[in-house]
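From just these sequences and the hints, can you work out the full model?
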Amino acid sequence: MTKRLCIQGLAVAGLLATVAVPASAADTITVASWGGTYQEAETKAFFDPTAKELGITIKQDTTNGLDDVRLQVTGNAVKWDITELGADECARGSKEGLFEKLDYNVIDKSGINPKLVHDDWVGISYTSVVLIYRTDVFGDKGPKTWADFWNVEKFPGRRALSGSQATETLSVAALAKGIPIDKVYPVDIDGALQSVDKVKGHIDAWWTSGAQAMQLVKDGEVDMASIWNGRAGTLKKQGAPVSFSFDQGVLTADCMVIPKGSKNKDIAMKALAKFVSPDLQANLPLYVDNGPANEKAFETGKIPPERIKDINSAPENVKKQVLQDPAFWRDTLVEATEKFNNLIQQ
Amino acid sequence: MSTASVSLDHAGRPNGALNTDALRADARRESRGLFALLSPGLLLVFAVIIVPIGWLFWLSLFDESGQLSAANYARFFEQASYIKTFVTTFKVAFVVTGACVLFGYPLAYMLSQLPRRAAGVCLIFVILPFWTSVLVRTYAWLVILQRKGLVNTWLMDLGVIGQPLPLANNFAGVVIGMTHIMLPFLVLPLYASMKTIDVDCLRAGMNLGASPAATFRQVFFPLSLPGLASGVVIVFVLCLGFFVTPALMGGGKVIMWAMRMEQTTSLYSNWGAGAALGVVLLAVTLALLGLFHWLLGTRATGVWSER
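Those sequence lines, one after another, are chains D and H. Note that my numbering gives residue 135 to position 135 of the first sequence, counting from 1, and the numbers run on in steps of one. Note that my numbering gives residue 162 to position 162 of the second sequence, counting from 1, and the numbers run on in steps of one.
Treat the hints with caution; some may be incorrect.
[Said to hold, decoys possible] A short list of chain D residues far from chain H (calculated; beta carbon distances all over 10 Å): (1) Asp27; (2) Glu53; (3) Arg70; (4) Glu96; (5) Asp108; (6) Asn113; (7) Pro156; (8) Gly163; (9) Asp197; (10) Trp206; (11) Thr234; (12) Glu299; (13) Ile308; (14) Ile344.
[As the list claims (entries may be wrong)] In silico EDC-like cross-links for lysine to aspartate or glutamate, where the CA-CA straight-line distance does not exceed 20 Å: (15) Lys198(D) to Glu168(D); (16) Lys177(D) to Glu153(D); (17) Lys95(D) to Glu53(D); (18) Lys144(D) to Asp119(D); (19) Lys265(D) to Asp68(D); (20) Lys263(D) to Asp27(D); (21) Lys148(H) to Asp136(D); (22) Lys274(D) to Glu299(D); (23) Lys320(D) to Asp182(D); (24) Lys260(D) to Glu64(H); (25) Lys84(H) to Asp103(D); (26) Lys148(H) to Asp219(D); (27) Lys84(H) to Asp197(D); (28) Lys95(D) to Asp63(H); (29) Lys260(D) to Asp119(D); (30) Lys237(D) to Glu335(D); (31) Lys320(D) to Asp219(D); (32) Lys79(D) to Glu316(D); (33) Lys260(D) to Asp136(D); (34) Lys296(D) to Glu316(D); (35) Lys95(D) to Glu64(H).
Simulated from the structure, these hints should not be mistaken for lab results. Small disclaimer: the values here were computed from a predicted structure and weren't measured. Where a beta carbon is used, it is the ideal one built from N, C-alpha and C, also for glycine.
Put into structure tokens, the structure is as follows:
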């Protein structure tokens with residue numbers, strides 16, 4: 001009895017398999033991102049709905065960035081079909097020829113900032129670098145602009161900036177000089193370095209990871225810092241006495257690519273098209289503070305209006321911030337970072 | 001060859017010589033046998049150490065476009081930060097090694113003098129942190145040492161200090177964190193070496209009229225030097241390649257060579273850039289080991305049981 005059922009079941013399964021072609025085992029892609037709460041949010045916002053709609057399986061992995069992709073591509077051992085990177089990494093990897101060309105007949109690029117739409121990479125989300133300060137030290141009269149942050153007489157206190165993200169620190173250093181947000185790019189690197197030089201004696205820690213920035217502020221090791229908005233939002237939610245805004249924030253984009261040599265390029269292309277579609281993009285801010293790269297997401301009506309004002313890439317907030325230019329850093333990153341290191345490492 | 005030596009023996013050398021030759025041949029056979037036993041290990045060392053290091057060196061000679069070039073090494077002189085980082089690395093290694101000797105020697109001495117059972121219990125306290133993750137211990141130090149950490153809050157509550165002491169996110173923090181992690185590496189070989197010192201030697205010293213202090217200075221201390229030397233070398237060399245603790249406790253102001261490697265590897269789209277840093281560190285470390293060897297003899301090569 002059970003045996004016959006089993007055989008029948010197998011037959012049905014076999015029939016189904018021949019009918020439902022997209023559900024075959026071959027249609028599995030691997031997507032790599034940064035891990036943590038961000039990747040969990042992406043799973044709910046992008047990966048799960050896409051897998052369901054396309055009838056594919058999406059496996060996940062985590063990445064450390066461009067090095068990983070380079071290692072896979074140059075070593076001829078590509079295990080990812082899609083991976084997330086920082087936009088400046090995408091620009092550099094593109095120059096090195098590490099990615100497959102994207103097919104914009106499959107991927108609808110409308111609604112994505114043209115600066116983040118390229119032959120072989122496309123924007124996926126935004127992070128902002130914002131100024132955070134502790135309200136138990138400053139009340140609500142804390143430093144509001146980067147010029148305030150640089151003003152050590154008016155705002156005495158301990159400070160932290162990013163030591164690992166030279167591009168971001170140089171951008172805020174340019175803002176600190178009073179350069180208006182639409183004139184920051186192309187960054188005058190030497191001018192920005194001079195600006196860093198002015199404040200470096202008052203920097204108590206140069207953070208190298210988002211977690212470290214968060215810990216420094218949370219434990220009161222510093223009174224003000226540059227920090228990623230997601231981390232700042234988490235601190236606030238945890239009840240830490242902090243305040244931050246998007247004024248003079250630096251918007252940095254994340255992007256997605258298909259590493260060269262991906263074995264499931266075509267399915268990856270379809271999946272990527274889903275990830276950047278307004279409908280799924282609108283899911284992202286429901287789970288995490290990183291804003292959608294596709295501004296049409298704000299027109300879907302999925303995001304509650306009171307949530308929109310807290311999202312860094314909402315049109316109202318974009319106006320207050322500098323958009324970091326990946327193409328600029330592609331050509332200047334190495335030199336600028338070495339100079340920056342020479343300045344702060346002693 | 002054997003026939004030659006045999007014929008020589010027949011040419012009128014005393015019987016003892018024949019014996020010596022046989023013994024020598026036996027010793028040769030035995031060392032060949034030992035070498036054969038050793039060869040799998042040697043092959044493994046060759047495959048997982050010598051070959052990758054050779055490859056590392058090879059990689060460091062190429063620039064981004066795959067051309068032979070010295071660019072990866074020239075960078076050390078073009079960018080001031082490399083030299084600074086290098087100097088910082090050795091400064092940290094020296095200070096931490098010094099601190100380890102300062103704390104580790106008395107500790108090992110105490111352990112070696114305690115009755116067996118008590119020493120065993122105390123050793124557990126040395127080894128226990130050894131088994132805890134470096135990351136966990138470093139974060140623990142951060143919690144203890146930072147501005148609003150335990151030490152500063154207590155000292156301020158007690159009125160000992162008015163301003164918090166700068167103990168974390170600077171050089172002092174790195175040294176404190178690393179000393180704690182490195183201490184067992186010094187204490188364990190030193191303790192092992194002290195345990196092998198014959199108590200009769202000390203008794204003889206006292207018997208000949210030396211005070212306890214003089215016995216310690218003239219008998220115990222020189223005998224403990226081999227263990228101390230190997231401990232110092234282990235600690236120093238491990239310090240040179242340290243990453244986690246300086247990265248977390250240094251506040252981005254104390255950049256050590258290993259951190260620089262990570263930065264350089266991700267900055268340049270070229271493995272050679274990072275490889276060159278590895279080659280330089282390896283060369284300098286080997287040179288230092290050579291220097292230790294020359295200064296301290298075979299004692300420094302890590303054979304602490306040598307008497």
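Fill in: Restraint check for Lys260(D) with Asp136(D), where alpha carbons must lie at most 20 Å apart
The given pair, whose Cα atoms are some 50 Å apart, is violated under the 20 Å limit.
Worksheet item: Do the alpha carbons of Lys95(D) and Glu53(D) lie within 20 Å of each other, as the hint requires?
Response: violated (33 Å)
Discussion item. Can you confirm whether the C-alpha distance between Lys177(D) and Glu153(D) stays at or below 20 Å?
Written reply: Holds, because 16 Å separates the two Cα atoms, which is no more than 20 Å.
Worksheet item: Are the Cα atoms of Lys79(D) and Glu316(D) separated by 20 Å or less?
Response: Violated. Lys79(D) to Glu316(D) sits at ~39 Å, over the 20 Å cutoff.
Fill in: Status of Trp206(D), Cβ more than 10 Å from any chain H Cβ
violated (3 Å)
Worksheet item: Minimum Cβ separation between Glu96(D) and chain H greater than 10 Å?
Response: violated (5 Å)
Discussion item. What's the verdict on Lys84(H) and Asp197(D), does the C-alpha distance respect the 20 Å limit or exceed it?
Written reply: Distance ~17 Å between Lys84(H) and Asp197(D) Cα, so the pair holds.
Discussion item. Holds or violated: Lys148(H) and Asp219(D), Cα atoms, limit 20 Å.
Written reply: holds (7 Å)
Worksheet item: Given the hint that Lys95(D) pairs with Asp63(H), does the C-alpha gap stay at or below 20 Å?
Response: Holds, at roughly 16 Å.
Worksheet item: Can we trust that Thr234(D) is non-interface, i.e. its beta-carbon lies farther than 10 Å from all of chain H?
Response: holds (18 Å)
Practice prompt. Report holds if the minimum CB distance from Asn113(D) to chain H is greater than 10 Å, and violated otherwise.
Written response: Check passes; 25 Å lies beyond 10 Å.
Worksheet item: Is Lys320(D) close enough to Asp219(D), meaning Cα to Cα at most 20 Å?
Response: Judged against 20 Å, a Cα distance of about 29 Å means the pair is violated.
In terms of the numbered hints stated before, the structure departs from hints 3, 4, 8, 10, 14, 17, 18, 25, 30, 31, 32 and 33, listed from lowest to highest.
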